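Visitor: Top line first, the protein sequences correspond to chains V and G. Residue numbering for the first sequence is 0 to 276, as defined by numbering that gives the first Met the number 0. Residue numbering for the second sequence is 0 to 293, as defined by numbering that gives the first Met the number 0.
Don't read these hints as lab results, they were simulated from the structure. Computed from a prediction, not measured in an experiment: that's the story for all the values here. Where hints are given, some of them may not hold.
To be verified - With a cut-off of at most 27 Å between alpha-carbon atoms, the simulated DSSO-like pairs for lysine-lysine come out as follows:
| no. | chain 1 | residue 1 | chain 2 | residue 2 |
| --- | --- | --- | --- | --- |
| 1 | V | K101 | G | K142 |
| 2 | G | K259 | V | K195 |
| 3 | V | K101 | G | K106 |
| 4 | G | K55 | G | K152 |
Unchecked claim - Here are some, though not all, of the chain G residues that point toward chain V, as calculated from beta-carbon distances under 8 Å:
| no. | residue |
| --- | --- |
| 5 | G8 |
| 6 | I88 |
| 7 | L91 |
| 8 | G95 |
| 9 | G97 |
| 10 | L133 |
| 11 | I176 |
As the list claims (entries may be wrong) - Here are the in silico distance ranges between beta carbons for each label pair:
| no. | chain 1 | residue 1 | chain 2 | residue 2 | range |
| --- | --- | --- | --- | --- | --- |
| 12 | G | L262 | V | R150 | 46 to 54 Å |
| 13 | V | E269 | G | M0 | 55 to 63 Å |
| 14 | V | F90 | G | E117 | 26 to 34 Å |
| 15 | G | E228 | V | E92 | 32 to 40 Å |
| 16 | V | A123 | G | D89 | 31 to 39 Å |
| 17 | G | P268 | V | V59 | 35 to 43 Å |
| 18 | G | E228 | V | A224 | 39 to 47 Å |
Think of the CB as a built atom: it goes at the ideal place given N, C-alpha and C, for glycine as much as any other residue.
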Amino acid sequence: MIVSVASGKGGTGKTTVATNLALVVGDAQLVDCDVEEPNCHIFFDVPLRKVADVCVQVPVVDLGRCSFCGRCAEFCQYNAIAVFGEKVMIFEELCHGCGGCKLVCPDKAIHEKPRRIGVVERGADDGLELVQGRLDVGEPIASPIIRETKRFIDRNRFVVVDAPPGAGCPAIAAIRDTDYCVLVAEPTPLGLHDLKLFVELLRVFSTPFGVVINRCDIGSDVIEAYCHENGIPVLSRLPHDREVMELYSRGVPISKKSSAWRKKFLELYENVLGVAR
Amino acid sequence: MRQLAIVSGKGGTGKTSIAAVFAELSKRSVLADCDVDAPNLHIFLHPVVISRETFKGLKVATKDEDKCVKCGLCAQNCRFDAINKDFEIDPLACEGCGVCSYVCPEKAVTMVDRDSGEVFISKTRFGLMAHARLDPGEETTGKLVTVVRNNAKKIAEENDADLVIIDGPPGIGCPVIATIGGTDLVLAVTEPTLTGLHDLTRVLGVADHFGVPSVVCINKADINPTMTERISKYCEENGKPVVGVIPYDKTVVKALVEGKSLLSYPKSPALREIRGMWIRVLDVLGLNRGSPIA
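Just chain G, with the same shape it has in the complex (with noise of 0.2 Å):
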């Protein structure tokens, strides 16, 4: 079984849409939305929930106020500037470290679970996806990725998938390093902008720090094809195979105004591409699934 994650830094550049056309291309792989933070796949997938569990992140911080005598020891002590001046605890600055609750000499403080998100296990059209919503305010996405990750796979192995698609998060941070550790490949989907080819190179850069291959897709590239060209050659002297290179396209949007799927407008200069795309991905993946795209 092989996992690939798309990402691309820089948001907007069209991660989900491209993963939704690859579910449906593909119709025998497992789907994993790991942008957790703010989940867009199932707006294209319309998933059914087969089953729901309840996400725990960390723990939170709360105070019997009769019992604190204001010494101040919990504010001294945290370092995420979660207790304010009056000894207020902020549950949305708390990061559960529990360091407030240790000091406290009159155990006024003590660590409680909390109640962050929801995991689920859905059925699409296109085979099973596993996904979750974290609560506005919420922390722990990092964790939350991992979840939806091992559930991914979990289900990948009981169904005989030979891949998961993993939709993943915009940055470089926590959720993303989350959500490309231990994948086959990374897909990074970018723009022919500055800012898409700036953040491009720090996405590839943590593909490269935790030993992930990656590949690269250029959308939207005729906005500025000066800029796709300048993409493409930096690609090319990193070593980093272009396996899509597709065109700004009004279908894409109108498609999902329409609620449609971008499978149902054949004409699409961007389906086009997006197909021959996922064909270079499967082959760099090494998955043979004989001739899907007839």
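So here's chain V without its partners, still in its complex pose (with noise of 0.2 Å):
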């Protein structure tokens, strides 16, 4: 079963839900999808080696054949090839790899190369699996690192996924062909309304979900208010805790540290379970 921990806002403890979440359930893998900037690895204590770099196939032009006729600077859709007089450029970090312009090339002149644009990398700890992707800095392009990513994805045990920020591309690879979806909400009204992003994009997938209201007692009762009115059930209400905040801070995971959040996650667990089903 697969389970994506995701938000519209960042900041609203996604990471904290998916790391104790996975480490409270033990047998379970937790890939990290937020490969912009994937932070998981942080609360665990093991070395990642690399499992496969992810690359685009990006065009290299054999100027011996080429016509300079344009077509493929033409068919581009992403502006990553001009062509003027008798020089083509290829702007590489534009490209997607959709291999169009090679199709479409008349003259057989275009083939392709990869470029590394990240990395998988994986480690375990226990029973507990992480693999996560990283984007190399500089690159622009997040959604085939998290496709690569999810390859590794082993269905027959318990994932948790940890989606980026935001409701755009990569938040949409990462909860693609996702099972339940936990969004992190905190409750004021920037939480609400990335809230309601959110949901609008879930509903688009058909995916269920429902809510965790992380920090309930700051803020006011909009969350909750919202998730009633709407149907929404409300998985989990954490408390703001200094005492999560200065773990967090210094990379411990809380339920490593204290029994009453053991349990809270736990609770969590089991309510998904239950829901999901």
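Reassemble the complex: the two chains are provided individually, in unrelated frames, and hints are given to aid placement.
Guide: Right under this line is the structure:
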């Protein structure tokens, strides 16, 4: 079963929920799909080893064969190729690797080469396995890394996906094919606004979901009221706790230090299993 | 005219709260919300929309089922897993490249425009604002960020504004690159946690990669003074001036929940530090605004 932990807004506690949920389950796979800023590894003292380079296939032009007709540039939707006179310029960072330029070239002057944009890494700690994708700094396109990271998912296990913030392409790539989505929201107007955005997105996908209200005792009851009105299950209410914050700042998951918090995350796990069935 | 991009790498560090206070302290900057995925600046600034435009993102593939002979060439050639084994197109996975349409021997697949969101220019109490809304599930965030940036620049030039304050998205990918490219200064807002530091180093790396100077703000600094020290040291060693160290202040959430500006709490310790940071940022940008903090 794949459970994705997501939120429109950043900094609501996705990584805290994802790591602690995986920890209390024990025999689980934690898949960090926030490839722009992967953070789960900070909470586990496990060596990670590279299991894959993630590459985009970018074009290479054989100028000996090229007739400079410009069809490749015309076809490219991402402005990654320009042809001026007898010159062809390739902007590799903009290339999505669709392969269209190679297909349309009448001179068979284009072949492709792999260009690395990130990696997938893996590590294990007792029963828990961590898989993370990491985008190279300066690279713009995160989705291929998320897709590659997810190929390491073992559907026979309990899988927790830590999704990136926002409701754009990386978030979509992360939550695609997920069985259940846990949305982490904080009870402020910003939290509510971004929760609504994500709920709209999940309705497009018809993915079942519930909400965790984090720092439930700061702010107001806006999230509680919104969930109630829309029949969305509230899976857990996690209080603001200086100790959680302090441990988080040092990279220590709270469920390793506090049995009360361990219990909260076990309850969340049981609630997820309960509503997801 | 100068452009200041406020980013963070990690989400939830306080970018938007700081951008909103800057907007109010400035009173004559143009504002741009480039977190088009999950825009929030409007919640603080209550903009009144004066012009709106539909945003067309990348095209999307659609198929005429009557013409389709299920040869499978489209699915074989799609690199984005957007066509399944029954040759159905998933518009949410489609990146609009046009390969399926090109290879289809029956001309059953065509690329059509899609409305992906809306672009706005608005009035706020503190100046004009460029912002946008992306429809849920739409993809071209980088392109939409560029549209917002261009609008902000245009209205700044037309109105003789000397500064554009940009509230950026989290992360380091395409919307962040589109947000900071060609700006004069990046203000990276971090928090004193290991994750905050990790993400800060990556976003500063992006600023360096694109040749944009950057300065750092450590928000909620007293959560972990040891980490604050460590981040300051990292910044010093890497030539990144720390222009603001802001304490954790419950007034920030209180103001937000009550829908008030932080400036209506003159005793707020966070506000005090943000004012100081504003002056330092103006100084780094080489903007002399007299003494607006009286």
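Visitor: Would you mind marking each hint as holding or not holding in the structure?
Guide: Hint-by-hint comparison with the structure:
no.	hint	verdict
1	K101/V with K142/G	24 Å, holds
2	K259/G with K195/V	22 Å, holds
3	K101/V with K106/G	20 Å, holds
4	K55/G with K152/G	20 Å, holds
5	G8	5 Å, holds
6	I88	15 Å, violated
7	L91	6 Å, holds
8	G95	5 Å, holds
9	G97	6 Å, holds
10	L133	7 Å, holds
11	I176	5 Å, holds
12	L262/G with R150/V: 46 to 54 Å	50 Å, holds
13	E269/V with M0/G: 55 to 63 Å	56 Å, holds
14	F90/V with E117/G: 26 to 34 Å	28 Å, holds
15	E228/G with E92/V: 32 to 40 Å	36 Å, holds
16	A123/V with D89/G: 31 to 39 Å	33 Å, holds
17	P268/G with V59/V: 35 to 43 Å	57 Å, violated
18	E228/G with A224/V: 39 to 47 Å	41 Å, holds
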